[in-house]
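Enquirer: Each chain, letter by letter, is given below.
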Amino acid sequence: MIEAKQIAVTFNAGTPMETPAMRGIDLLIPEGDFVTVIGSNGAGKSTFLNALAGELRPDSGSILIDNQDVTAWPTAKRAGLVARVFQDPLGGSCANLTIEENMALANARGKRRGFGASVGSTLRKEFRERISRLNLGLENRLGDRMELLSGGQRQAVSLLMASMQPMKILLLDEHTAALDPKTAAQVLELTRELVGERGLTTMMVTHSMRQALDIGNRTVMLHEGRVVLDVAGDERKGLKVEDLLHMFEKVRGEEIDDDALLLG
Amino acid sequence: MSQIAFLGAIEVGLLFALVALGVYLSFRILQFPDLTVDGSFPLGAAVCASMIVTGSDPYIASIAAALAGACAGIVTAWLNVRLKILHLLASILTMIALYSINLRIMGRPNVALLGETTVFSPLENFGTPTYIVLPIALAVLVFVLKLALDWFLNSEIGLAMRATGVNPRMARAQGINTNRYIIGGMALSNALVALAGALFAQSQGAADVTLGVGVIVVGLAAVIGGEAIMNTAAVWRATFACIIGSIVYRLAVAGALNADMLGLKAQDLNLITAVLVTLAMVLPGVRMPFRKKGRGQ
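These protein sequences, in sequence, are chains A and B.
Take the first sequence: its letter number 25 is residue 25 in this note's numbering, and every next letter is one higher.
So the mapping is simple: this note's numbering equals the position in the second sequence, first residue as 1, plus 1000.
These aren't lab readings, by the way, just hints derived from the structure by calculation.
Honestly, I wouldn't trust all of these hints.
Unchecked claim - Listed below are several chain B residues computed to face chain A (Cβ distance under 8 Å; list not exhaustive):
(1) Asn1154
(2) Asn1167
(3) Arg1172
(4) Ala1173
Unchecked claim - So the derived label-pair ranges between C-beta atoms look like this:
(5) Ala1206/B with Arg57/A: 47 to 55 Å
(6) Asn1231/B with Glu126/A: 28 to 36 Å
(7) Lys1265/B with Phe11/A: 55 to 63 Å
Glycine is no exception: its CB is placed at the ideal position from the N, C-alpha and C atoms.
In isolation and in its complexed conformation, chain B is listed as follows (with noise of 0.2 Å):
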């Protein structure tokens, strides 16, 4: 694998890592397995893509993408708390919906951003290729929200969001509005999906309606991958997983795709992610929450 390859690998793997954070607010926080992420990805790369082609700061673009994606979580959360649509087909639903919507936002199924002002073009002026410079910065960004997310899920919001999640009854007891806190859960879970879409679109320098095609299993593969290598027993120690399994996962990857003797080519990454997935859940010894027995049996 080349330098650029690795490092390439690497970006991707961070960008992703915001996809990670997401799905384990939705699968493993409140226990919510959500697939609106396969349309909340493109959705976020959508408005923000939009927005800066029509003339808007790059960085109120991905903050509205945020937004927007936060709208879609609640949509979802919606449906299951006040309509009672079991959570995996209300995101379905969701999803599917947000094929249009993106389709419609952007006016026609994809958008450039060549010569478009980024939040990543003032880095093009550091002398240092971009190529070095934008994992440097992507790390930092991941970080912070990591450390964010953190400090929120130890906080008495968050624990209370925690125990929605573990035993809802026992969460209403304590006086804990679940269904609010579902319904905040999914947007910022959501948000945190749509942002990624909006800095993978700014990075690759384009939008496309079919962005978020298996997004969902990518990020299940970090959460479910950082598991597998590290243990999570803590909420701090979780998050880290996150990011580092999507890093693994983009290696893995990137590895398997660049060995000429195995023949892989770029349209077998969602077979290969399938595999990777399945391989990281039917491993001994690691947690196996979505095998039929449940969570540590």
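Chain A extracted, bound-state conformation (with noise of 0.2 Å):
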């Protein structure tokens, strides 16, 4: 279970160019949900995940994972509760190491690491056997590097790669943005096996509103630091993209003019 309460974080604090991006965000995540969450840029969508993650110390508030208080934990303390995919294709996953390498280190996620070879015969063929299951022929091709995969097969790994050592919450920051439709479409439908299978614990920020209602348990609007929507269970199956657009402009009292909200 994940316990945010009053997350507030401002950039720039006591400046000219002071920004709050978050302004008190409480959210409670019980296991096994699934949680959406849209908002338009300068929402504070990838502050609270950098929150989350650990990459940000919130200026108050508090984040707890299963009781414990993990405020103060920086990343990489936090890495064996948490696990991530982020929005480039570059950025979860290091270039010019080979993909069984790049398995290794998730794989040790939240592990102590020693002088043993990092990858062994045996680690060996469990990856291949596990990056087998994506269908993407890499099974004979754990000596390549990351490089030399291209942006869809990058994040396919990279999920796989999250998904490697259990976790409290599984934070995906716009994983299939910087792909094209179809690989994108490809690479959700691989998050939502991987989560369904496995009953992780998921936030996904995503920049599409259908993207958050077709998958998940449950949908978070941020706007401006605040959460202004939080639907889930019957409420949120009966939403269309329309009704949410309604209710977003309700809560809001103003026209969006976001093509990116529309979109996708």
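Dock chain to chain to rebuild the complex, using the hints, since each chain is given by itself in its own frame.
Expert: Structure representation (structure tokens):
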């Protein structure tokens, strides 16, 4: 269970550039929930995700994972509890390391690293088996550098890497945004499979309202650093993208002119 | 080039191969441009020579030199990761500080080791001239250290160190404390460089506070030169390229200095080095991570 309590972050506080990115976000994510998060640019989606991951320490508020306060834990310490897939396909892996070396890095997430070989024959066999399930023909390319893969292949491998070790929450940061529509759909399908099969607690940030409603069991909308909408269950099932837009306008009392929310 | 000059170039090339391995660790693995080397090389020489003249065992003195180098690396890394000083500047600060420290350690600008027992002394009893035995002994040592480094970089900890250099954000997300790995890597890098300094002082018969001038460029010349002539995709190839690069560089310098028609003298060494490094970096088809556009573009 993930609990965010009154999280606030202000960038460049005390300067003319002062930007409040989060103004007190409260969110409770019970185990097994798959939450999709939407919001326009600057709504605080990425900041919230970074705060959960540990890359950014909130000015105030606290983050609890299974009732343990992790607010002060840096990313590396939190890695045993949090797995993450980045938006940039280059961001989630090491381009000039091989696929199997990248998988070995992820396989040691949250564990103590030693002086033993990073990729032994047992591990290589396990990696081959895991990667063959992606049906991308990568099982015979474990020794290839990551940079030789396409963006979609990299995101698929990144997802696989994120799911290799147990976690309390999986953070997906617009992980299909940089892909073409067809590849994005494939990666999304893979996300659905992996999350469903393992019952992972997941938070997915997306730019697309359709995606936000199609996947997961709960949708949260952020606006100007606050939660303005939180729908789940039957209320969410009947929702269409248009309804979401109307609700958004109602809550905010203003017109939306951000195309990015309508498209995709 | 005479046989002695040739073997002399090989010998110095092998000694500086240790510097090249250290520079490879900082520049390539950690992507940390580290000029500490110009200070940690004479630091190793100073510590080792001072200990030997006061009666210490030369092996212990050499190990102490490596440890002193590790401390220098830790200082630079600490300035960078804890005090957030730009890596290049942090390393220059340590380098400058080490100049004074090296003078303090030796108590004077240089320490002669003539007549002292060094790690190379046992080689004199072989019957074969030392200018032949010494390069062979050094080659064995350098290859043992190269294999140890290969093993380390392919271990879980070594892989984490490589990830720290390539993609620190991803590394942190995998639970890698990148600051700790930068400190450890810089310690290892400068330990290798200081060990090279210690061995250099012992083979040349003296430690001098000015030994360090341009060591970083020589190390870079070896790393970049090695990459220019060899495929460095795998770690064991890259470390091998460092050694070959260092030897080729020394042979090229010896060749240039020996070619009478060029009219070059020993004082032109640093100029030749700068020209060679520049050539290696602009040669087409070479990986050029130090040029403005960045790696492989």
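Enquirer: Indicate, hint by hint, whether the structure satisfies it.
Expert: Outcome of the hint check:
The interface hint given for Asn1154/B is met, as the beta carbon of that residue sits about 6 Å from the closest beta carbon of chain A, less than 8 Å. Taking 8 Å as the C-beta contact cut-off toward chain A, the hint placing Asn1167/B at the interface holds, the least distance being around 5 Å. Because the beta carbon of Arg1172/B sits about 4 Å from the nearest beta carbon in chain A, less than 8 Å, this interface hint is met. Satisfaction of the interface hint for Ala1173/B is found here, the shortest Cβ-Cβ separation to chain A being roughly 5 Å, below the 8 Å cut-off.
The beta-carbon spacing between Ala1206/B and Arg57/A, approximately 53 Å, falls within the hinted interval of 47 to 55 Å. Between Asn1231/B and Glu126/A the beta carbon distance is about 29 Å. The supplied range of 28 to 36 Å therefore holds. The beta-carbon spacing between Lys1265/B and Phe11/A, approximately 58 Å, falls within the hinted interval of 55 to 63 Å.
Violation of the numbered hints given earlier is absent; every hint is satisfied by the structure.
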